Amino acid sequence: MTEKRPIFERRAVIRAVHALVQPDFALPPPGDRPLVLIEGPPGSGKTVLLDALADRIRPHIPHGRADFTDPRHEDVPYTLSVLAGALTHRRPRYRRLRFPRLLIGLLVTGEDLGHLDFEQARQEITALLRQRRRGSWPHRFLQEVAGAQNLELGLATGLLGTSLQMPLRGLDTLVGFTFSGRAQTWFGHRDRDLPDHPVDTLVTLNTRAREAREEEGGAERAAAARAYTAQLLCEAFLADLRDAARRLRGLPTPVILLDNAGTPAGRRFLRRLLQARPPLGPAEPLTVIATAHDALPELADARTARLLEVLEAPERPLVPAAETSGPLWLRYRLPDLNRADVQTLLDGGSGRADRRLARLVHEFSAGHAETAGLLATLAVRGPGEPGSVGELLGRPVPREPEGAGTGTGHGTGTGTGEADTAGERLLHRLLPAEAHQAGAAVTALARGAAPRRETDGLWLSHQSDLIDPAWQDTVRQAALWLGAPAGPAPGTPRDSRTLVLRRLLLRRLAVLPGDDGPGWRTVHQRLAGFCRTAGDRTGELYYRLAADDLEQVAADLAALLPGTPGGAWLRLLTEVTRAPCGSAERRELEPYAHYRQLLEMSAAGPGDSAGAWTARAVAALRVLADPAGGTDRGFLCSQAARALAALAPHSRDGLVELHRAAREYERQAQWWS
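Throughout the sequence shown, residue numbering follows this note's numbering, covering 550 to 1222 in sequence.
By construction, these hints were calculated from the structure, which means they are not laboratory data. Just so you know, these numbers come straight off a predicted model, no measurement behind them. Ideal Cβ placement from N, Cα and C applies to all residues, glycine included. Treat the hints loosely; a few may be bogus.
[Said to hold, decoys possible] Across the chosen pairs, the derived CB separations fall in these ranges:
# : residue 1 : residue 2 : range
1 : Arg564    : Glu1139   : 27 to 37 angstroms
2 : His638    : Gln1219   : 55 to 65 angstroms
3 : Ala989    : Pro578    : 46 to 56 angstroms
Produce the entire structure from the sequences given, and follow the hints as far as they go.
Below you can see the structure in the form of C-alpha cells.
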C-alpha cells in the first residue's frame, strides 16, 4: 500500500471499520468477528478518532461507548448496563435491540435473598421472573443500573450495591414486558450444553453477587465471586446479541467503542468478554473497537493483523487458514502528524499559513497530535500573526471543567472559566496522573527532564539532594530521556508525547524559584560533573553549554577541531548545541537578539581565529536548535554557514564535510528568508 499522510490515513481507518461491520465481511477462521485495537500515546488522537467513528455510525447503527478511565467502569455490571442501554436506542431497520438475559442477570444480582434458604430463594426468583412490567421497563431499568437516576452502585466492592432495589413486589399489576421462556432457559445451558437448572443458576448468581458485595469469606472469595458474576453477565450480554431478531444478520453489526481499554479495568472487561464467547456456534453480530496506549499484553500470543489490510486486499484472508486458535485482533497505531499535516491544521488547506511556523510547530510537537492541534488552533484564532511557538505556548486557553479531557482520565482545571496558558494546559495533560496533586512531583520531574540520555537520567534519579526520594520512581518511570537529544536506544521509536513533556518541563525548570531547591544551573553542572567522571565528552560539553558556559565550551570545541575527524567533529558540534536555554528572558528574544546576547556571553570578538568562529557557530546553532524560538532564522543559518566555511581549513581532514555543511546552511537560509 502506498504511504498515506497521517490525517488522511485516519480516513482509511474509518473506511476499514465500515468494511468490517458489514454483514458479508469474510470472517477469519474459526468464524469469530475480529476485534480492533487502536494504539497511540495520550494526545495522539485515539479519542478523536472514536468520536469520528461514533459520528459516522450514530444515525444508522446501534452503538455503545465506555471510557475506562471513568472509575465507575471498574464495575463490569455497570459497564454492561451502559453499553446495553446505548444499544437499545431505536435505529431505523434495527428497531430496538433487546437484552432479556442481561436484564434477568442484573435484576437477580440486585435482589437481597440472603435471609432465605435455597428453596425459598428459588421460589422468590421464579415469582420475580413471572412478573409483568411496563413495555418501557427494560430501557428504564438499564438507565437506572447505569446511574442515570443517581443510584449508588456500590463501587467500592465492584458490584451493584444494596441501594439498587427496584419496587419489585408491586410490579405484578403492570403489563407489557415479560421474560421469554427462551431467555430464562438459557441460564441452564448457557450455550455450553450445561445440564443446570436455570433457576438454580440464578440463585447461585444472587449468592455470588452478595458475597462480592459484602465480602463474605474474605477478600479472595469476594474477588472470585466478582469474577463469576462478571463472567456470567458478559455471557448473557453476548447471548442476547446472538439471539437477536433474524433481520439483524443482514445489517451492519452493532458496535461498542471501548476507550482506554489498556487500563486494568479495560483489560479485565475485554478478557471477560472474550472468555464469554461459547466455544462453538455462530459469532455474535458485534464489532468491538478498543483503544490503548500500547499493545495489550494479552496480544503477545494472539493472532494479529494490520487493520488497513481490510482495504488492501478484500478477497485475501487476513490470516492463514491454518491459524485457527484465539480471536483475531486488527491493530492500528496512530502515526504522528507530519509537517504537511501541521500545515493543513494551520491553514485548512488554503496554503496561506506561514510555512516557517508550521515547521516549528511540527518540530516542537514532533507530530504529537494534541500539541500540534492546540497550537494550530491558537495560531488560527489569533490575536495577530504569531511569531514563534513560544508565543503560542503563552497564549491563554479556557480551563476545561474538572474531569474533562480527551482520554487521560483527569481534568485540566477547576471549571471556573479562568484561563490557563497553552503551555500549562499541555503540561497538565501530559504529566503522569500522580503528579497532578503534588507540586513536589512536578519539581522532581522538571529536574528529571534535564538528562540527555538514559545513563544520565538514571544516575540523576538516585541523587536524593536533587530528586526527592518520594518521587524518584516516578522520574524513572517517566523516562524523559526518551525525548532527549540522544534519544532512545537504537530501534526504539521516539515517543512524541515524552518529547513534548520534556520540553515543557525544561521550561518549568528554567523558572523554578530559588527557594524550591536546586535549579537549572545546579542540575546541569552536576550532570556535567557526572559525564566528566564517566568520560563522556559530548555530555559534559552539552551540560556545560546548558549552564551557559559558552565561552569555555567554544574554546574546547575549537581545540578539538584540528585533531578530530571532520565528520565526528560536526556530530559533536550538533549534539552539544542542542543544549536548551535556561533563561526565560532570553527565550522571549527574537532569534537575532538572542544570538547577539550569546556572542556577548562568549566574549567572541570580531577576529578570524578558530575560537571566534567556533563561538559564532555555537551561538547560531544553539538558537536554531530551539523550535520554540522565532521564525526569522535566515540570518542565523547564514552565520552558521560562514562560521563552518571559515573553520574548514582548521580541520585535519574535514575540509569537504565542513564545506558541505556550510552549503546546507546556505540553502536553509534561503528557505527561512
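Going through the hints against the structure:
no.	hint	result
1	Arg564 <-> Glu1139: 27 to 37 angstroms	46 angstroms, violated
2	His638 <-> Gln1219: 55 to 65 angstroms	59 angstroms, holds
3	Ala989 <-> Pro578: 46 to 56 angstroms	55 angstroms, holds
In summary, the structure is inconsistent with hint 1 from the numbered list given earlier, while agreeing with all the others.
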